[in-house]
Every structure is written in C-alpha cells, then in structure tokens.
Amino acid sequence: MNTESSPVFLHVENLQKSFGGVQALKGLSFKVSPGIIKAIIGPNGAGKTTLFNVITGVFPPNGGAIALNGMSIEGCKAREIARLGVSRTFQNVEVFGRMTVLENVMVGRHIQSRAGIISTGLRLVGMRREERQIRESAMQHLAFVGLENRATELAANLPLGEQKLLEVARALATDPKILLLDEPAGGLNTRETEGLAALIHRILEQGITVVLVEHDMNLVMDISDEIMVMNFGEKIAEGKPKQIKNDPLVIEAYLGEEVDYSDL
Amino acid sequence: MTKITLTGQLIQYLFTGVTVGSIYAMVAVGFNIIYNVTEIINFAQGEFVMLGGLIMVFFTVTAKLPLPLAFVLTVAAVTGVGALMERFTINPLKNASVLTMIIVTIAVSILFKGIAMFVWGKNPYIFPPFSGSKPLFFFGAAIQTQTLWVLFMTAVMVVLMTIFFKKTRYGKAMLACADNPEAARLVGIRVNVMILISFALSAAIGAVAGAVITPISLMEYDRGALLALKGFGAAVLGGLGSFYGAVVAGIFLGIIESMCAGLVSSGYKDAVALILLLLVLYVRPSGLFGNVEASKIKEF
Amino acid sequence: MQSSNRKALLGLTLFLILFPVVAMNVSAIGHYLDIMIFVGIYCLINMGLSLLMGYAGQISLGHAAFFGLGAYTSGILCTKFAMSPWLAMVAGVGITALVAYIVGVPSLKLKGHYLAMATLGFGVIVHIFFNEEVSLTGGPSGFSDIPGLSILGFSLNSDLSYYILVWFLVLLTLIFSLNVIHSRIGRALRSLHDSELAADAMGVETSRYKVMIFVLSAVYASVAGSLYTHYVGFLSPSSFDFFLSIKLVMMVVVGGMHNIWGALLGTWLLTFLGNEWLHVFHDFDILVYGAILLAVVMFLPDGLVHLVPRMSRVWKRG
Chain A
1 MNTESSPVFL HVENLQKSFG GVQALKGLSF KVSPGIIKAI IGPNGAGKTT LFNVITGVFP
61 PNGGAIALNG MSIEGCKARE IARLGVSRTF QNVEVFGRMT VLENVMVGRH IQSRAGIIST
121 GLRLVGMRRE ERQIRESAMQ HLAFVGLENR ATELAANLPL GEQKLLEVAR ALATDPKILL
181 LDEPAGGLNT RETEGLAALI HRILEQGITV VLVEHDMNLV MDISDEIMVM NFGEKIAEGK
241 PKQIKNDPLV IEAYLGEEVD YSDL
Chain B
1 MTKITLTGQL IQYLFTGVTV GSIYAMVAVG FNIIYNVTEI INFAQGEFVM LGGLIMVFFT
61 VTAKLPLPLA FVLTVAAVTG VGALMERFTI NPLKNASVLT MIIVTIAVSI LFKGIAMFVW
121 GKNPYIFPPF SGSKPLFFFG AAIQTQTLWV LFMTAVMVVL MTIFFKKTRY GKAMLACADN
181 PEAARLVGIR VNVMILISFA LSAAIGAVAG AVITPISLME YDRGALLALK GFGAAVLGGL
241 GSFYGAVVAG IFLGIIESMC AGLVSSGYKD AVALILLLLV LYVRPSGLFG NVEASKIKEF
Chain C
1 MQSSNRKALL GLTLFLILFP VVAMNVSAIG HYLDIMIFVG IYCLINMGLS LLMGYAGQIS
61 LGHAAFFGLG AYTSGILCTK FAMSPWLAMV AGVGITALVA YIVGVPSLKL KGHYLAMATL
121 GFGVIVHIFF NEEVSLTGGP SGFSDIPGLS ILGFSLNSDL SYYILVWFLV LLTLIFSLNV
181 IHSRIGRALR SLHDSELAAD AMGVETSRYK VMIFVLSAVY ASVAGSLYTH YVGFLSPSSF
241 DFFLSIKLVM MVVVGGMHNI WGALLGTWLL TFLGNEWLHV FHDFDILVYG AILLAVVMFL
301 PDGLVHLVPR MSRVWKRG
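Residue numbers (my numbering), protein chains in the order written: chain A, 1 to 264; chain B, 1 to 300; chain C, 1 to 318.
These aren't lab readings, by the way, just hints derived from the structure by calculation.
Beta carbons: idealized from backbone N, C-alpha and C, even for Gly.
Honestly, I wouldn't trust all of these hints.
Anything over 12 Å on all C-beta distances counts as not near chain A; from chain C, calculated [claimed, not checked]:
#	residue
1	LYS80
2	GLU132
3	LEU216
Among the chain C residues that face chain B by a calculated CB cut under 10 Å, a handful are [claimed, not checked]:
#	residue
4	MET24
5	GLY57
6	ALA82
7	MET83
8	PRO106
9	SER107
10	ILE125
11	GLY153
12	GLU205
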C-alpha cells in the first residue's frame, strides 16, 4: 500500500459554492496537516458534503482556492483529483452494485494500471500480468478491511455496513495520500463503529491522512486529532476535541434547534 | 414582376412554415405535458397525430359524418388510445429504468404504426378542408383557408392549456406532480390519475394536430416518427417542460425548415430540424426558455 | 478466459461447424445458410451495441447509420474507384470511426432521453444523406454491381465460403470483446454504468471510455456493413433506416442486454423470425416486432438469455 511518507498538506482558502440562489459554502478556510485525522462536524445542511464534493471535483467552486501539497486543484475534474492522490467514500453508498466485491476494489486499481484497448482485446502478456497484479492488490485491500471472504458476492447484496467497508477498500486501492470519508459510520451499529475506528487507525499507520465528515460524536471525539465545526456554510470553530467539546458556539449550533422544543 | 414574386414566395414560405410549425408546436406541447408529470419522453407522440389524421379520414370520407361530429369523435378516439396506452404499458412499469421506458414507448409507436398500416395500408389519405379549397390572397401569396384553421386551432389549444394549468384544480395538481411527485402524493393528489390525464391530454392535442393538418399535407401510416423527432426538437429548443417555449420553438422550427426547403434544398429539409435538434442538445440542452438547474438529465 | 465463457465459445463453434453440414443436406432448410450469414453480419453489429448498451450503459438509436456508412464506403470505393474490397473495408472503418468520434464526443455528454434522441436524430440525418446525394450513392434506387470478396485469389462466391468468412470474423470479434469485458476496461465501463459518480472519483476517465466504446461499436458495424455490401452486391438507403436501428436495439434487448451472449441469442432469434417465420405476415412483421419488444421489455426485462439456466450463470459473470 502507501509506503511513501511525502507530506500532504490540504489547504482550503475562502472556498465559496452556491447552487442557484443558495450559498452552500460562504468563504471557508482550513488546513489539514499530513498524517492526522481531521473530523468535520456540524448540523445537517451545514455544507459538509458540499465541501467534500467541491474538494474532490464533483462541482467546481464559485470562488476560493484548494491546494494539495502546494498545487492548486480547485476546478480540476474528479478523475484528475483522484490521480493526484485524493480518494473518497460517499455518504449515500455508491458501490458498483452489479459488480462483485472484488471487482469493485479492482476498479480502485484503475489509475494504478495502464492496459489499453488493444493489449486488452488481444490479451497480450503484459496485460495478463497486470491483471494478476490488480487482482492480488485488490484482495490485499479487501483483507485490510476484513472483507476477503465476500470477494465473489455481488456488491448490491451486501449489508450496509459491509458496503461501507467495501467503499473504503476501493478508495484505498487507488493508493491515495489523503482519504476523505463521508459519514462512514452512518447506519452502523456500535460494534461496527468500533471496527471502523480501528480501521481508520490502521489507515493512518499506512501514512494516509484522513478527513472525515461525521455525526457520531463518540467516534469523532475518540479518534480525531483535530475537529472543524461548520454551520451554514461557514467555519464556526476549529481545534482539538477537548476545546470543541466545550466551545459555546458549537453547543449553540447543535442545541440551538432543540431549545425551542424544550420549553413546552 | 420579379419583386412581387419573391415577396410572394417568401410570404408563402412563411405561412407554410408557420402552419407546419404549429403542428410541431402541438407535438412539442404533448411531449411537455407527459414529461412534466412523468419525466418520460413519449416516443409515440407522433403516432397520436398520425392516428388523428387517419381516423378523421375514416369518419369524414368513409362514414360520411358531418365535419364537427367527425372531429369530436376523432379526438375522443385518439384520447382513448392514449389512455389505453398509459393503462396497459406505462402504469404497470412504475419503477422501470429510463432505458426501459424509452424502449416501451418506442415499441408502442411501432405497434401503432403496424396497426395503422394494417387498417389503412401504406398510401397517403386526405379529406376535404374544413371550409372549402378556395385560397385567399395575401400580398401575392396564395394561402389556403385550412392554414388559418391550423393557426386558429393552435391558438385555441394554447388558450385552453393555459386556462387548464393555471386555473383548474386538475391542471394545478398536474404541475405539482411535475415539481415534486412525493409531496404531491402526500397532499392527496393521485399521481396515477394525473399520469393518465397527461397521456390522454397529449393524445387529444396530437389528434387535433393530425385532424387539422391532413387536408393540407395528407397523412400516412409512417408519418409519426419524423413528427415526433421534430416535435421533440421543438420541445428541447424551447426548453423541455416549458409550455410557451414549445409553441415559440415549434413555429420557429417550422419557419426555418420551410425557408430552407424553399430557398436552399427541399430534399434536406427534414435534416434541418434534426441538425437544429442536435445543436441544441450539444450546446444548450436547457433550450431557450428552460431552467438550466431544472433540466434534469436522467441517467439510466 | 473464464471457463464458462470458454465452454460457451466451444459450444458455439461446434454449432457453427455442424450447422452448414445439416443445412446443406436437408433441402427444406438449405436457405438457412443464407439466413445465418445475415445473422452473423447482424451479430457483428450487435456485439458492439451490447458493449455500448449493456456494459457501458449508454444507448444508440442510430446504429444503422454506421452500418450504412461502412456499406456505402465499401460499395462506392469498389465500384467508382475500383479499389480492392479489403482496402475499401479498411477505409470504411476509418471514415466510420471518424464520424463516430465527431458525433460521439458531444452526444455522449448527454444522458437518458437526450442521448437516445441525439443518436436517433443522427441516424435519420445519415439516412437522408444516403437518399439525397444521388451522384454519390445512387439515391433512393441505390446502386448495384458491387464486386464480391476474394482472399488470395480465391473468390468467395458461394454461400458456404461467405458463411465461413463471416462467422470466423464474428468469433474473432467475440473473443476480442470478451477479453475487453474481463479487463480493467470492461470493469471501467461497467463501473461508469453503475455509478458514474463513484467511477469518476476512482479516476476512471468516464467520458473517454464512453466515446471509445461508441467508436468501437461503430467500427464493428462498419465491418459488418462492408461484409453486407459484398454479399448482397446491391445497396439502397432503405436498408439503413430508423427501423433497422430499432431492430438492432431490439435484438440486443430481447436477447439480454447485460450479456454479450444475450446479444447473439437475440440476433439469431429475431433474424430467423424476420426472414423465415414471419414471411406469412409480409409487411406486417413490424406489428409482430413491436409486440415482441413490448412483451419482452414488460415481462422479461433481463432478456431471454436469462431463461436459459446454464446461461444465467454466464450472465452473472457476463
């Protein structure tokens, strides 16, 4: 897997994104140091998934800059950004349902392989060797997340928890330098969430920086090195877990909605 | 002498263009009505026009019924066909993929075409114009009275549809379905009924178009496909889902096609509309009046 | 290659060898050989269409245009310019590939109904072109006296020799296509079909692959067109109309879209249906086609190949 330890530094500066009349991101700025776990939290509608989508090139921003290791990537297409070492999972699981678990992860190896249509169609020796490597690497990644026994299952038939693991394996297969996880614990039970926490630590040990959007506060407080809090498209707080826990702005952002109901 | 002829010719082309454009406009409106409620593109839309023309021939020429009665019966018959199509082929496939729906409506259009060929054969048919065949003269151009009927019917359709969608309960309910079917269902709108109405209404409009154009340009069993394509082109050009856009774009398309046929080459005139369709799809699929955000381009 | 595909290939080859032996010795079905040549030609087109529709998840309602471009290029270059048929076939592939690329790049940015209509419109434009450019194509009445094919001086003028040529090419193309399916390219195509969002995120060059498979399918169709031209010896635009495009899609859908074997099955079934068993209906075959298409799409959306139990295991692996 990732044996490089070249420093990855994700720098987002004054990022703006609007859809029609709605401003989803209103000038967001933050940094991610290499080798840490950074969590992004905030109430629903804060713009967290939009942030991921803009960073990974699903949408171009309306303003601001994104730099990966000093190189500008704002406005780049998703597939270019993937090749630069940024990989991700999705909030609404986007596995390739009609393909097997193993094939899903093999797609992750796409950018690390090269065979073109001619060598593929004619099944030349180089292509066959590459296929073997792709298959082996994919199996390794499946074993890393603990899904090696499900290799021949159709991805659509997996339960949600395993589909989420599959997405992680697939994302890791691209040999990323930084991994963006969008609500990886969504829909998982306690045991599965503990497994996820352990997995994220294992990923960190491989030298991959992790940024995650999450709602599960226990998980966030447990594993994060840094937390950034968003609300209404802006950053309202950033710091170590202990600081964030006691930050009055954060508490207000989360509890603000509930105050109305409690004086009944 | 030459000056009058050229102006006369141009006016002739203009009227022909507006006439045939009105038909494209009506087909486009039919597309939009169904699309707005279901997001389905009904490939059989052209067949409604074809059936309208041929059934009208049957009622006037074969059954020798008086024109107004024949007209009403024709529209009713084709409306029934549209409703049957929806009940038997669209309704059962509620959760099908976009690709499946495309193939289904294509299959139905082929079926209609085959039935029409079975009943009427391959020859083109005609019936007498609504108010006689003496042409009117207009700045040196000979305009058939039927042309005025086409324009009149188009105008009536525009007015009726506006009233229907803006003022009646059913019309507003249908627009709600288009916007947000889940929410519409939650407030008690029976989406299934709305879908049925959309097909019936589109069929009715198609029938009117077919009935009114046949005395000018005849009608045969396989006219549907090209009409559907051009009508779709008009719908996209005007912005898929936009009612007024469809009307403006349809007439615009008709004029361009007619000018091209008259001034450049008549063999390629069908290609004109299609090339325009491709250009719109490539460059600005939301059309002239459509909302860029709202042009939901569905995946399979 | 996977064993299930290998077995199927073996079975197919066996069938193809036995078929002419039977057909040529039973006079009642002697003409089946001729029909099988057409089956082979359409199979060539439909393998490409299956890759495009079933694996990459796109649609083309205008593939008759590519078939026609290959056919007319071969025909025109051989009759008007006395080119060697094989060279003309290569030229046909070149021209068709270029047209497919030019049309494909903007069209494949579209999805769903828009893509369907764009390809339909393109197909009709090409058909109009065939009809209108009389000096080049002979217009609606077409042109004839197209020479047949010969290999190394050996003239392929018997049904049997042409049958062998066509099906040899089909088998080669089938093996090539199966190789592509079971490779990173095949996986890339299937991934962009299942979730273009995730495929993009994994670095798959989705638009490039869509265009590539579109052009490849056009190339298959062009070769088929050239084979058609030299077999029939005569060309007219009515053979390359919208209805053929629909029939091609039908063959793929009826057989089973998500499986290249389904395309072969559907082509074989519908070609025999059209040429042999629907003769009694004459022109009304379109009624039957419409009904079959409707029935299959409504009740058997995965196609007929799903009914063959052995085949459905092959289907799972595709």
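Outcome of the hint check:
1. A cut-off of 12 Å between C-beta atoms confirms that LYS80 of chain C is not in contact with chain A; the least separation is 33 Å.
2. Annotated as non-interface, GLU132 of chain C keeps its C-beta farther than 12 Å from every C-beta of chain A; the closest such distance is 35 Å.
3. Some Cβ of chain A comes within 12 Å of the Cβ of LEU216 of chain C; the nearest lies about 7 Å off, and the non-interface call is violated.
4. Below 10 Å, beta-carbon pairs count as interface contacts, and MET24 of chain C has none with chain B, the closest being about 35 Å; its hint is therefore violated.
5. A cut of 10 Å between beta carbons decides the hint on GLY57 of chain C: the least distance to chain B is about 5 Å, and the hint holds.
6. Restraint check, ALA82 of chain C versus chain B: the minimum CB separation of about 29 Å is more than 10 Å; hint violated.
7. Checking MET83 of chain C against chain B: minimum C-beta separation of about 28 Å lies over 10 Å; hint violated.
8. With a least beta-carbon distance of about 4 Å to chain B, the hint placing PRO106 of chain C at the interface is held under the 10 Å criterion.
9. With 10 Å as the threshold, the beta carbon of SER107 of chain C comes within range of chain B, its nearest partner Cβ sitting at about 7 Å, so the hint holds.
10. Because the beta carbon of ILE125 of chain C sits about 5 Å from the nearest beta carbon in chain B, less than 10 Å, this interface hint is met.
11. A distance limit of 10 Å between C-beta atoms decides the matter here; for GLY153 of chain C the minimum to chain B is near 43 Å, and the interface restraint is violated.
12. At its closest, the beta carbon of GLU205 of chain C sits 18 Å from a beta carbon of chain B; the interface hint therefore is violated under the 10 Å criterion.
Consistency note: the structure conflicts with the earlier hints numbered 3, 4, 6, 7, 11 and 12.
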